[in-house]
Structure formats: C-alpha cells, structure tokens
Amino acid sequence: MHDKTLTELATGLSAGEFSSRELTQELLGRIDRLDGRLNSFISVTAKPALSAADRADATRADGQAGPLNGLPLALKDIFCTRGVRTSCGSRMLDNFVAPYDATIVEKLSEAGTVSLGKTNMDEFAMGSSNENSFYGPVKNPWDPSAVPGGSSGGSAAAVAAGLVPAAMGTDTGGSIRQPAAFCGITGLKPTYGRVSRYGMIAYASSLDQAGPMARSAADCALLLGAMAGHDGRDSTSVARGVPDYQSELDAPLNGLKIGLPVEYFGDGLDPAVEAAVREAVQVYESLGATVREVSLPHTHYAIPAYYVIAPAEASSNLSRFDGVRFGHRCEAPTDLIDLYKRSRAEGFGDEVKRRILIGTHTLSEGFFDAYYKKAQQVRRLIRQDFLDAFEEVDVLMGPASPTPAFDLGANKDPVSMYLQDIYTIAVNLAGIPGISVPAGFAGNRPVGLQILGTHFAEAQLLGVAHQFQQNTDWHLRRPAFAEESA
Amino acid sequence: MQWETVIGLEVHVQLATRSKIFSGASTAFGAEPNSQACAVDLGLPGVLPVLNESAVAMAVQFGLGVNAEIPEVSVFDRKNYFYADLPKGYQTSQMYQPIVEAGEVEISLEDGSTRHIRVHHAHLEEDAGKSLHEDLHGMTGIDLNRAGTPLLEIVSEPDMRSAKEAAAYLKAIHSIVTYLGISDGNMAEGSMRCDVNVSVRPRGQEAFGTRAEIKNVNSFRFVERAIEFEVERQIELIEDGGEVVQETRLYDPEADETRSMRTKEEANDYRYFPCPDLLPVVLDQAYVDHLRANLPELPADKRARFQHELGLSAYDAGVLSASRAMAEYFERVRNTCGDAKQAANWVQGELSGALNREGLTIDDSPVSAEQLGLLITRVLDDTINGKAAKDVFQAMWQGEGGNADNSADTLIEAKGLKQVTDSGAIEAMIDQVIAESPAQVAQYRDAEPEKRGKMIGYFVGQVMKASRGTANPQQVNGLLKEKLDALC
Chain A
1 MHDKTLTELA
11 TGLSAGEFSS
21 RELTQELLGR
31 IDRLDGRLNS
41 FISVTAKPAL
51 SAADRADATR
61 ADGQAGPLNG
71 LPLALKDIFC
81 TRGVRTSCGS
91 RMLDNFVAPY
101 DATIVEKLSE
111 AGTVSLGKTN
121 MDEFAMGSSN
131 ENSFYGPVKN
141 PWDPSAVPGG
151 SSGGSAAAVA
161 AGLVPAAMGT
171 DTGGSIRQPA
181 AFCGITGLKP
191 TYGRVSRYGM
201 IAYASSLDQA
211 GPMARSAADC
221 ALLLGAMAGH
231 DGRDSTSVAR
241 GVPDYQSELD
251 APLNGLKIGL
261 PVEYFGDGLD
271 PAVEAAVREA
281 VQVYESLGAT
291 VREVSLPHTH
301 YAIPAYYVIA
311 PAEASSNLSR
321 FDGVRFGHRC
331 EAPTDLIDLY
341 KRSRAEGFGD
351 EVKRRILIGT
361 HTLSEGFFDA
371 YYKKAQQVRR
381 LIRQDFLDAF
391 EEVDVLMGPA
401 SPTPAFDLGA
411 NKDPVSMYLQ
421 DIYTIAVNLA
431 GIPGISVPAG
441 FAGNRPVGLQ
451 ILGTHFAEAQ
461 LLGVAHQFQQ
471 NTDWHLRRPA
481 FAEESA
Chain B
1 MQWETVIGLE
11 VHVQLATRSK
21 IFSGASTAFG
31 AEPNSQACAV
41 DLGLPGVLPV
51 LNESAVAMAV
61 QFGLGVNAEI
71 PEVSVFDRKN
81 YFYADLPKGY
91 QTSQMYQPIV
101 EAGEVEISLE
111 DGSTRHIRVH
121 HAHLEEDAGK
131 SLHEDLHGMT
141 GIDLNRAGTP
151 LLEIVSEPDM
161 RSAKEAAAYL
171 KAIHSIVTYL
181 GISDGNMAEG
191 SMRCDVNVSV
201 RPRGQEAFGT
211 RAEIKNVNSF
221 RFVERAIEFE
231 VERQIELIED
241 GGEVVQETRL
251 YDPEADETRS
261 MRTKEEANDY
271 RYFPCPDLLP
281 VVLDQAYVDH
291 LRANLPELPA
301 DKRARFQHEL
311 GLSAYDAGVL
321 SASRAMAEYF
331 ERVRNTCGDA
341 KQAANWVQGE
351 LSGALNREGL
361 TIDDSPVSAE
371 QLGLLITRVL
381 DDTINGKAAK
391 DVFQAMWQGE
401 GGNADNSADT
411 LIEAKGLKQV
421 TDSGAIEAMI
431 DQVIAESPAQ
441 VAQYRDAEPE
451 KRGKMIGYFV
461 GQVMKASRGT
471 ANPQQVNGLL
481 KEKLDALC
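If you read the protein sequences in the order shown, they are chains A and B.
Residues in the first sequence are numbered consecutively from 1, following our numbering.
Residues in the second sequence are numbered consecutively from 1, following our numbering.
Derived from the structure by calculation, the hints contain no laboratory data.
Check the hints yourself; a few may be wrong.
[What the hints assert, rightly or not] What the simulated footprint calls covered on chain B by chain A, stretch by stretch (three residues with Cβ under 8 Å from a Cβ of chain A suffice, anywhere in the stretch; the number is not a length): (1) 37-51; (2) 71-82; (3) 105-112; (4) 276-290; (5) 389-396.
Note that CB positions come from ideal geometry on N, CA and C, so glycine has one too.
Full structure from sequences and hints, please.
Laid out in structure tokens, this is it:
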C-alpha cells in the first residue's frame, strides 16, 4: 500500500479493499521502523491518527465519504495543530502545544483525512537543505548522504520514502518545489492568496504559501481542492471561487505554448539537470506543444530582493517569540531585557538569527529606502517580467534547482546556500503558482522540472504536469530505501 | 524677555467598537485580566489580523467631522519594539498613509472668541495591554484585555499658544468624538489620553524651540497643569543659560511636575514597514458620502445655530453645545417650552447648580427635559411665578410629584402654588394690607412722587406674603400703584 498514489488509495478505500485504519496502521508501522534513518518526522501522532481513521471508516460506512475520506497524510510542523506540539523546527517552540488548528488543518480534517504527524523542516522555514532544524537534518531517501532540500524537507522525504502518500508543505522561496525536486516527488506552490495562511507560522508573510506535496499531479489536484479558498481569518486570502482542479487534468496539450526563460539555463546549471529538463521539454513537444525562448530580464535581482524583503518581514514576525507568553524562556531572568536576550539567544538557531539581523538592519532608519523600498520596486519589475512572458506563452518551464540534491554539510556558506533558490524565488516575489515534477535523474539523485503559470492558473499547471506523468514514469520511480525496507 | 509657548497635541481616542480592531474579542472595560484576549490578541504563532470595519467607519466619521481629507487608500504599518505588554513585538499602526489627512478643529475660549487649530492627520492603531505590579510579590503581571482595542490617534499642528488653548482643543476633540458617538470619551478609564509637545521661543522668533513630549496625560486639568509646569521649566532653564533637550517626559499629577523619561538618544528605532498581513484600506466615494450624509450636527455648527438662530449669547451657546448630552437636553427643554432663553437660563442655572452640587452628569439628572420644559411653560403662561417655580423645581429634584412629563402641574396643584390672577382677589388682599399699614401709607403719601416707586416694594412684599407667594407679581404691582396713588 505504501507506494500507491493518493488517487489509488482513494479507490482502494472506496472499493473496500482496505480500511483507513488498516492503511493508517500500515504507514504508522513503516514510520516506526524506517524513520529513525530519515528523521522526516518531528512528531508522530499515532493515537489521534487512529481515532481519525476510525471516524473516517465510520463516515464511509454511513455513505458520507468525500473524495479524501480516510486518506493519510502528514503536516509540515509549521501548521498549528490543536493539542499537538507545533515546533516550526525550532527550540523556541519545542514546548509549544498549539491551542487551535490552522485553517488548512481544519479543512483537511473536515475532508476526512488522517494526519499521521508533523514533519521536519528548516527552523521557521529558513533554509534550503533541512539542515537548520533543531531536530537534526533529514536524509534524502534516494541517497542518505544527500540533503532532501528545504525547508519542507521532512514532508518531501516522507512522501518519497513511502511513509505517507502526501504531505503539506509551505513555500516562501522554493520550500515546496526544491525539496520535491530533490526527493523525486510532485510539489505545488499555489498562487499567493489561494490557500489560507491562518495558523501557518509566518516566516515572510507576503511570500508564504501552503501547498500539497505528493506522488503525482493528480494527487496534488485532489488535495488543493480541499485546501484552497477564501478564509475570513486571513485578509490576504483571495475571495475567488475554487475550480475543480481535477476537471482540467486531461486537457490536451495540443497547441500549448511553452516558454523557456533563457535566464534559467545559464551559468551554474548542472549539465545533467539541464539535460533532463530539456528532454522533458521534448516530451511536451512530442505531445503537440510548441516551445520558444523567453526572457525574464530581472531574474538576477530576485535573490537580492528576496533577501531584503523576507528577512525584513521575518524580523518583525519573529518578535513575538520573546519568552513572555509561550515558547522557550531562559532560566532565572534578572529583568525583562535579560529575559528577551537570553530566551531568544537560546531559542533561535544561527540561520534564524542571521535573518533577524539582516531584516532588522534593512528596516532601520536611514536604510529603509535603500533596501526595503528598493527591493519592493524590484519586486514589481520581477512580477512584470512574468506578466509580460505570459502574454506570449501559456506556461514557463525550467529546472526547479540548478543542481540535484547536494551532500549533507556541503553548503556551509550561507550565500551559496541562498543561490540554490535562484529558479524558485522569483515566483514567490511575483505571487504566481509553480509546480515541480520528477523529470529524470542526475546520477542517483532526482531532477525536478519546474512549470510556472500565471496567477490562479493552478488547474492549467496541474493538467500540464499530469499529461507529462501520463507519458513518463519518473514519478513512479521509488528509492531503494523504500523498496528494500518494505 | 517675552516668551511664546508652542503646543501640539497627540490625542489617543479609544473607539467605541464592540470588538477589537483586528480580532473578534470584546472591548468591554473592567473584565478579569486576560479574559478578553483571544489567540489573535495574544499574538499566538500563526494568527492573522482582520480589520474591524466599524473602526474604519468611526475614523472616517471623525475625519468628516473635522473637515479633513479622506484619502482613497490608507495603509497599516508595523511599529516594531519590544515590551512585555506588546504581544507581537510590534504595534499595528498607520505611519505613512493614515486614514484621515489634514483637517481643522474650532475651539472656543473663555472670552467667547473662537480659533481654528489644524489637525495634521489622524490614524488608526491598536492599543497595547498593560502591566500590573500590585499583589504579584515583586513580579509583573500582564493583562492583555486592552491589547487590540482600536485607537484613533489625532495629531494636531503646533498651533496652540497657551495651556488654556490646549485644554480647549482637547475639550473640542472630546466633544466631537462624543457627538459622533465614536468614543465614550471617558478619560478616567483611559478612553481618551494625550501626549503633549511643548516648546518655547522668544516672542517674534519664527523658528520653533526644542520641544519636550509629555506622555500620557489623562485629564483636561492635568493637560493645563503639565503645560504650565513645563513652560516654566523650559523658560527658567533657558534664562539660566541652559538648553532644552529633546526628550520624553512624564507628568506626575501628585507632585505636579514633569520628569524626564528618556532622551532622544535613547529613543527606539521603530523600523516601520507596511504590514504584509493587511490589505490597504480602499474607501470608495459612495461609502464616504454615505457616512457624510449621516453625520449628526457637530458642536461648532450647533454652537453657531444656538447663537444665531436661537439668539443665545456666545457664552451660553458654547456651554450648552459643549457636550452632545447637554445640547440634546437643552433642545428638548426648549422644544417643550418654546423659549430658548428661558430654557438656557434654567438649564445653566437651577439644573446645572443642582447637578454640580450632587456631582451628577446631565445623563443622571433626576429631572427630565420634558419635566423642566413644562415647568418653564407654566412660568411663561403665568400659571406660577418665578419664585414658586424654583420651589417646584426643588420638589421635582427630590422626586416629588413623580417623573411623568407633567409632574410640574401635579406639584403646582398639590402645593397650591397656582398663581392668583383674579384681580378681585388681589384687590381684596391689597385693601387689607393698606388697611393694616397706615404708617407706611402715610410715608408713601408724603414722599416725593419719584421716590414712591421704591417705597412700593414694601407693599408688594406684604401682598405676596398674604398670598403665600401665589399672587401674580406684575398684577400686584400695577394694582397697588393704582390704589396707593388714589390715596395721595
């Protein structure tokens, strides 16, 4: 059961081949046996999972089961989950048990899904390798010496290893798409505002977006339908109807206009990654799509702009972690300032501190105009690049990451780590949706093809990705880790 | 040297919304600590603010009330600083694009003159919680009930030139917000408090002196006293060869002085930036027009109308329009009795005197406007005379005669105060008084005719006494004169 897609499991459940409890037990067993080697979960919530599975089975027996009823999944540990520790990968929140459910947690639970636990992540979603977690790094199931990517590394690794058929991630600068690429799974970052951010611990509010990570585009479509929609508790969620994402999966590709941004195929791109991506584009051509080069001229400003805006927002968002009301508090503070200083010094890891410092600096009097304001101007130009490109083509394609998964500990320099996100970050700045789908290998490590669409074009993106998966089998490959351990 | 004082005020007005500015928690005052703070007010991880529409409407109403520009777009910013009672580590406020732009407020001074004070802008923001130090064994407690309460901060231009003008401005703001019903204006509960910027400069100099900011002054009286102290301090300092430093000071009402809190060097860098969790507020013209069309009559307009249409003096018009409750009471009295001047005299005389004696506000008056109006009517239609009316008022105040609108008639009847206007009855009383006062009659007769007018007072007094105050004084006067002159 563990290597089936969500869609297949849904069929099995509705045909009565197995119950949600059986499925849940099987996967909890795998997590128990295998995750010690991966470290993809921070918390496994076996008891509530089994109760949820029983409720789902009862709902099915009553004939009330919806399409997601009884399906197991995992939640990145950034989503507040009532009664469950929600750590955000940080010592700061190691003792934080959320008193409420995030909107998407509530929605997925109402749809009858069964959460098996909370997955590992870079602390406060800051990182591209999952090495910045208080709970230790996650291993890539394809090669335990490699990182799974980040920050949703635990979610990606758990899905790739067959511990869970799907997991929720968040993407602020590539944190769904890059780990999906590194772990050979499918991950969708929706349009900013498509999915509620309420209850998702904020890193950079104007960039953060939750999305599904699964084994296929069809699975992502199934999940997105349940997650998306306006939320009265999130003013930035968009009041716009949620389409049936599955209805466009089979739309023919004939006449699809694909743009290849020249800036996404330049220096620093690993040749094996480039080869895999170009081969994937040929598959599309063979299916009737036309391909042309386009330019996104401000691409090289995306990383600098991101590393002004995201840390600025983060420096403010993370101020609430002060040791006063919740989270880590230092021993025996002598006064309020001592309480702040030591609680935060002890509670936050180095990368979080680095970004708080950067953000505090860029917002400071005398620097605001030169950094923050300028970065916002650049952001508008980047968005315009995409809008201009979508005047000419339907979708853009390129690599999700310049390299396949790198070795654990290989990227010690923060800036070289930041450069990992060169193909994903601009997408968040522009607010458009993007999906990464498995498109081959560089050696033993997966390569992800990134497909980008204009705002609210998720249905089209999912269809374009699904058609590729109907004609290739990269998404069906499973790491030896999952198979030998089965 | 002659010194000129320059004052600007930042007034924080708590808006009378039922729920908080960014959450659904209640704003009621005085609840158990932390019982009115929800996940959003606590700044729990993952929560997001949602703007309360009624706070926006109230801010716009204020803007319209001071003839301000209402921009189409306003933006919330984060003001970042750490404090134990500030749950998120930032206050959501409006730094760059406030909801209300420049306007002006008319203030009225004691001499009856008026001045216009410019409002620089007004912006919406959330209040912080408060620290509790009592009964906590040396520790500090935090009560977040107030956190997230909507505030409108109204920033004036440095247009005021005396402590009295500053107090008059604060009173004008108070009466505008209470007229609009957007705040209860309760200064004791902190619904209105202000920061005062004070500087002095040699008279005639154009450049401003260095200012000190006095924080959190919470009464009209303290505003005056804090400014007076601060002005004197600054002048003395300069005259002694010193220099005023830019700093934040606190007014201590018990010591009646201001003390340094922090200097400019110690000031926070608040690192303002637009709040990414809130969309810009976009107001369409129809929305603003709708609010404008539904504005109540405001104090300045009311004052002008009282003066020019009702014929009240500038002073009376100012006093009676100062609070909406007072103005409404007065207008109801006036509508009942039909005489604005009499209504004004009674409201400011007997009624205000009684209220002040017992420390009551107009809302707590035991005598309703309709009761008072009818009482005045009975004076105007000669049913009772002025003296009897005062007795009836006192009886009403004590609750005699019930609280029906017509209690004046009940009391007049019960007390037999109805004025005697039957000239036959009055003549009989006069004849008796004359018969019993031969000496006075003789004096009257012997006096020069021009001195007789004064002497008639004695006879009037005797007749009124005989009638137990019910005789119509004008009639008594007239008839007495006739009868006495006939004797001469």
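Tested hints:
Closer than 8 Å: that is the beta-carbon criterion, and the stretch 37-51 of chain B has 11 residues meeting it against chain A, so the requirement of 3 holds. Coverage of the stretch 71-82 of chain B by chain A holds in this model, with 3 residues showing a Cβ closer than 8 Å to a Cβ of that chain against a need of three. Proximity of the stretch 105-112 of chain B to chain A, defined as three or more residues with a beta carbon under 8 Å from a beta carbon of that chain, is not established by the 0 residues found. Coverage of a stretch by a chain is defined here by at least three residues with a beta carbon nearer than 8 Å to that chain's beta carbons; for the stretch 276-290 of chain B and chain A the count is 4, and the condition holds.
Here's how the stretch 389-396 of chain B fares: 0 of its residues keep a CB closer than 8 Å to some CB of chain A, so the rule of at least three is not met and the hint is violated.
In summary, the numbered hints that this structure violates are 3, 5.
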